[in-house]
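Working from the sequences, and respecting the hints, build out all of it.
Listed here are the chains, written in short residue letters.
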Amino acid sequence: MSTRIDAARAAEAERASDQPSAPESGNRLVFLDGILAKRGYQKSELIGVLQDIQEAYHYLPEDLLTYAAIALGLKPATVYGVATFYAQFSLEPKGKYVVRICDGTACHVRGSMAVLSAVRKKLKLADGKATTPDRMFTVEVVRCLGACSIAPAMVINDQVHPNLTPEAAGLIVDTLMKRGSDGEATEALPAATKETQR
Amino acid sequence: MIDSVLDLFHEQQRHAAAHTDARPRLLVCAGTGCVAGGSLQLYQALSRLAEAGGLAEVQMANHECDCASPAVTRTGCQGLCARGPLVQVEPAGLTYTQVRPEDAEEIFTATLRGEVVERLLYRDPATGEPYSSSTSLPDRTDRTDRSYPVSPFYRKQRKLVLANCGRIDPERIEAYLAAGGYRALAKALTEMTPEQVCQEVLASGLRGRGGAGFPTGKKWEFVRTNPDPVKYVVCNGDEGDPGAFMNGSLMEGDPHRVLEGLIIAGYAQGATNGIFYVRAEYPLAVRRLKIAIAQAEEFGLLGDNIMGTDLSFHVKFKEGAGAFVCGEETALMASVEGKRGMPRPKPPFPAVSGLWGHPTTINNVETLSHLPNIVLNGAGWFKSIGTPNSPGTKTFALTGKINNTGLVEVPLGTTLRDMVYEIGGGIPEGKAFKAVQIGGPSGGCLTEQHLDLGLDFDSLQTAGAMVGSGGLVVMDEDNCIVEVARFFMQFIQSESCGKCVACREGTKQMLALLQKIVDGQGTEADLALLEEVALVVKDASLCGLGKTAANPVLSTLRYFREEYLAHVRDRRCPAHACQAYKEYYIDAEKCTGCMRCARACPAGAITGEKRMPHVIDQEKCARCGACLDTCRFGAVEER
Numbered sequence: 000m001s002t003r004i005d006a007a008r009a010a011e012a013e014r015a016s017d018q019p020s021a022p023e024s025g026n027r028l029v030f031l032d033g034i035l036a037k038r039g040y041q042k043s044e045l046i047g048v049l050q051d052i053q054e055a056y057h058y059l060p061e062d063l064l065t066y067a068a069i070a071l072g073l074k075p076a077t078v079y080g081v082a083t084f085y086a087q088f089s090l091e092p093k094g095k096y097v098v099r100i101c102d103g104t105a106c107h108v109r110g111s112m113a114v115l116s117a118v119r120k121k122l123k124l125a126d127g128k129a130t131t132p133d134r135m136f137t138v139e140v141v142r143c144l145g146a147c148s149i150a151p152a153m154v155i156n157d158q159v160h161p162n163l164t165p166e167a168a169g170l171i172v173d174t175l176m177k178r179g180s181d182g183e184a185t186e187a188l189p190a191a192t193k194e195t196q197r
Numbered sequence: 000m001i002d003s004v005l006d007l008f009h010e011q012q013r014h015a016a017a018h019t020d021a022r023p024r025l026l027v028c029a030g031t032g033c034v035a036g037g038s039l040q041l042y043q044a045l046s047r048l049a050e051a052g053g054l055a056e057v058q059m060a061n062h063e064c065d066c067a068s069p070a071v072t073r074t075g076c077q078g079l080c081a082r083g084p085l086v087q088v089e090p091a092g093l094t095y096t097q098v099r100p101e102d103a104e105e106i107f108t109a110t111l112r113g114e115v116v117e118r119l120l121y122r123d124p125a126t127g128e129p130y131s132s133s134t135s136l137p138d139r140t141d142r143t144d145r146s147y148p149v150s151p152f153y154r155k156q157r158k159l160v161l162a163n164c165g166r167i168d169p170e171r172i173e174a175y176l177a178a179g180g181y182r183a184l185a186k187a188l189t190e191m192t193p194e195q196v197c198q199e200v201l202a203s204g205l206r207g208r209g210g211a212g213f214p215t216g217k218k219w220e221f222v223r224t225n226p227d228p229v230k231y232v233v234c235n236g237d238e239g240d241p242g243a244f245m246n247g248s249l250m251e252g253d254p255h256r257v258l259e260g261l262i263i264a265g266y267a268q269g270a271t272n273g274i275f276y277v278r279a280e281y282p283l284a285v286r287r288l289k290i291a292i293a294q295a296e297e298f299g300l301l302g303d304n305i306m307g308t309d310l311s312f313h314v315k316f317k318e319g320a321g322a323f324v325c326g327e328e329t330a331l332m333a334s335v336e337g338k339r340g341m342p343r344p345k346p347p348f349p350a351v352s353g354l355w356g357h358p359t360t361i362n363n364v365e366t367l368s369h370l371p372n373i374v375l376n377g378a379g380w381f382k383s384i385g386t387p388n389s390p391g392t393k394t395f396a397l398t399g400k401i402n403n404t405g406l407v408e409v410p411l412g413t414t415l416r417d418m419v420y421e422i423g424g425g426i427p428e429g430k431a432f433k434a435v436q437i438g439g440p441s442g443g444c445l446t447e448q449h450l451d452l453g454l455d456f457d458s459l460q461t462a463g464a465m466v467g468s469g470g471l472v473v474m475d476e477d478n479c480i481v482e483v484a485r486f487f488m489q490f491i492q493s494e495s496c497g498k499c500v501a502c503r504e505g506t507k508q509m510l511a512l513l514q515k516i517v518d519g520q521g522t523e524a525d526l527a528l529l530e531e532v533a534l535v536v537k538d539a540s541l542c543g544l545g546k547t548a549a550n551p552v553l554s555t556l557r558y559f560r561e562e563y564l565a566h567v568r569d570r571r572c573p574a575h576a577c578q579a580y581k582e583y584y585i586d587a588e589k590c591t592g593c594m595r596c597a598r599a600c601p602a603g604a605i606t607g608e609k610r611m612p613h614v615i616d617q618e619k620c621a622r623c624g625a626c627l628d629t630c631r632f633g634a635v636e637e638r
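Going line by line, the protein sequences match chains A and B. Just so you know, the first sequence maps onto residues 0 to 197 in numbering that gives the first Met the number 0. Just so you know, the second sequence maps onto residues 0 to 638 in numbering that gives the first Met the number 0.
Treat the hints with caution; some may be incorrect.
Quick list of in silico lysine to aspartate or glutamate cross-link-like pairs, EDC-like style, CA-CA up to 16 Å [what the hints assert, rightly or not]:
no.	chain 1	residue 1	chain 2	residue 2
1	B	K338	A	E139
2	B	K315	A	E44
3	B	K289	B	E170
4	A	K120	A	E139
5	A	K121	B	D628
Bear in mind the hints are in silico, worked out from the structure with no lab data behind them. Given the structure is predicted, the values throughout are model-derived calculations rather than measurements.
Below, the structure is given as structure tokens:
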């Protein structure tokens, strides 16, 4: 199904062009100032500011948190409190592929935990670790994604994979692992759907 | 730009003309489930065909205005997610299921010729009889040429808030206008005073669809009569219950209806500021609502002097950041203010002191979506649907071990039996129905004895459950009820904000006790302790999350005590689901004596000579299942 890959590529390209590029050093603070200005330096916009930082860097770097705190007139501890309260935020860098396995009720009763252990096993993740040492994959368990009718589901970088079995999830991860770090899609992702219907 | 009510009617007529002619239309579902199944590729394929010839020309010939609707339309959730991707053919009233992009050409040609692609029709799983789609839509009742019976999935549904969902393009305000959108707002602004709108909603008996079922009109009255010039109305789109996606689908499928509801709510209460609070896990809903807001502003339906009247109403958008407790209204307000989403004691109620100290009303997405219909058709009409104490319809997300998973809307008071066996199409693989979890982690379970119970606010309360937001997760004989209770407790425990002791510590203790039972270490004394802790947490917690945290435990103990006892007394799991109670055996016939399992066993429980059948010592076995995973010959059995 090359159309699927085309669509995924198009979406990725769109995201990349949409996003202001996130500088790695030097003018990081200038970049953050842009975000803060866009949000009017309002205290009530703190969550939005953190969301913007996370979108650019895929996690919340400590120096940016401190800077945001000072710029908004908040204590760094308050910002840290907010950053750690909400599940969306991460203080640790994440992998290239963020695998989010849904463990909402519907996914749970349809076997999402077996999917999780299959994926973790495939990636050889040690207990208590979420990200692989090569920083290619981060595996997260998330609360309901709202995809209950196609349970169990997992989302890898915004693409939803429906009706999984442990084997199907393993195959998808395998394919991504083969792609390696060059990021080039050499092989289509296997259709994960188990034939439950008809 | 719509400057007056007259303008609105002109716009509506213009767009309605483009939408209601007899020209065939293909509606491709672009809800979350169908998109995951590849419906966007299907949409592209159909659009290419339409552009290449055929329908595009028909369209040009019929419409000289610039508002021609495309012959191929993306819509919100059409409901029958289990069979997605879905395509509806209008005006024939057909639903094609499990459509692949490869099917595009066949569908397209057949539709042009007025033919039916029979192989793609939804069929009865038992008889194979082909079905057509809904009759519950107003303009379909007079259709006489239908040659297929209506699918049981649609037969008992009544779509009011979901009327447009799955029928119109949610990203085009023209489509909503053509369907009569914003007419209720026009009526409220020109024919009714704010007080009259409040009275109408109060008289309609509309109860909050977010969970507790508090009368919406009563809530409004407090804010309306408050003299503070600054007031806020908030749309609560933080649908965090696992197993619920109704609000998400509604925001994705008909965002303008939610927006119109919010503006009406603002007018009725004298608020000029509206806020959408939507969870970030619903990126599609966020995107479509933002589009809807921009379009409404452009059309003069939002902003200053709406439709040339004195009403000014401005809307802000806030994305949640992943915290279940933010569905609670005081926590939600803290989050809107940019703080940690922690609840505070009430009073003062938000109606007195809410956002930044001003009077604030927080209404659920679905509650707001009912408002346009109530304003247009009156309280009497609304009361004629549903039960006397719970009027109107309610959306439910039907999921779990059920054939027709999907999004449904039924009058309140519909029985559980109709939900599970008629609309839901029964349990897959001929398994036995065990229970339904309703209302998410704050709700309770319903069992076989409740099958003929009508689903409404009061009868569910009596049964120890609640409507909640409306997630219905069906469980069959393979689901262990203790494990499900543990699952909910784990959810609540990790989502507890930690502010009050009862919830923070109580949920932790309950989780530990449930884990102990699931792990095969529980005793009968643990059951008693579990019940005691549950009651304390229920009584002593600060907010709704804590007060209802014990519900899954209490309700499963009430209806499935035998199953708990089987775990702690007989040391067995009747559903054969809990790992700790599983037993592994090696089939001597199949075992080749390769010794892989013996090497894999962490407990050293497997013994045997090379090339001879091996044996598992049940005393030493840690029930990890490693042997099952490593055996290449299928010789290990799990019981």
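Evaluation of the provided hints:
1. Straight-line distance between C-alpha atoms of B/K338 and A/E139 comes to about 25 Å, which puts the hinted pair past the 16 Å bound.
2. A distance of roughly 12 Å separates the Cα atoms of B/K315 and A/E44; the hinted pair therefore holds under the 16 Å criterion.
3. Using a Cα cut-off of 16 Å, the hinted pair B/K289 and B/E170 holds, with the two alpha carbons roughly 10 Å apart.
4. Under the criterion of a C-alpha separation no larger than 16 Å, the hint pairing A/K120 with A/E139 is consistent with the structure, at around 14 Å.
5. For a cut-off of 16 Å, the pair hint linking A/K121 to B/D628 stands: about 13 Å separates their Cα positions.
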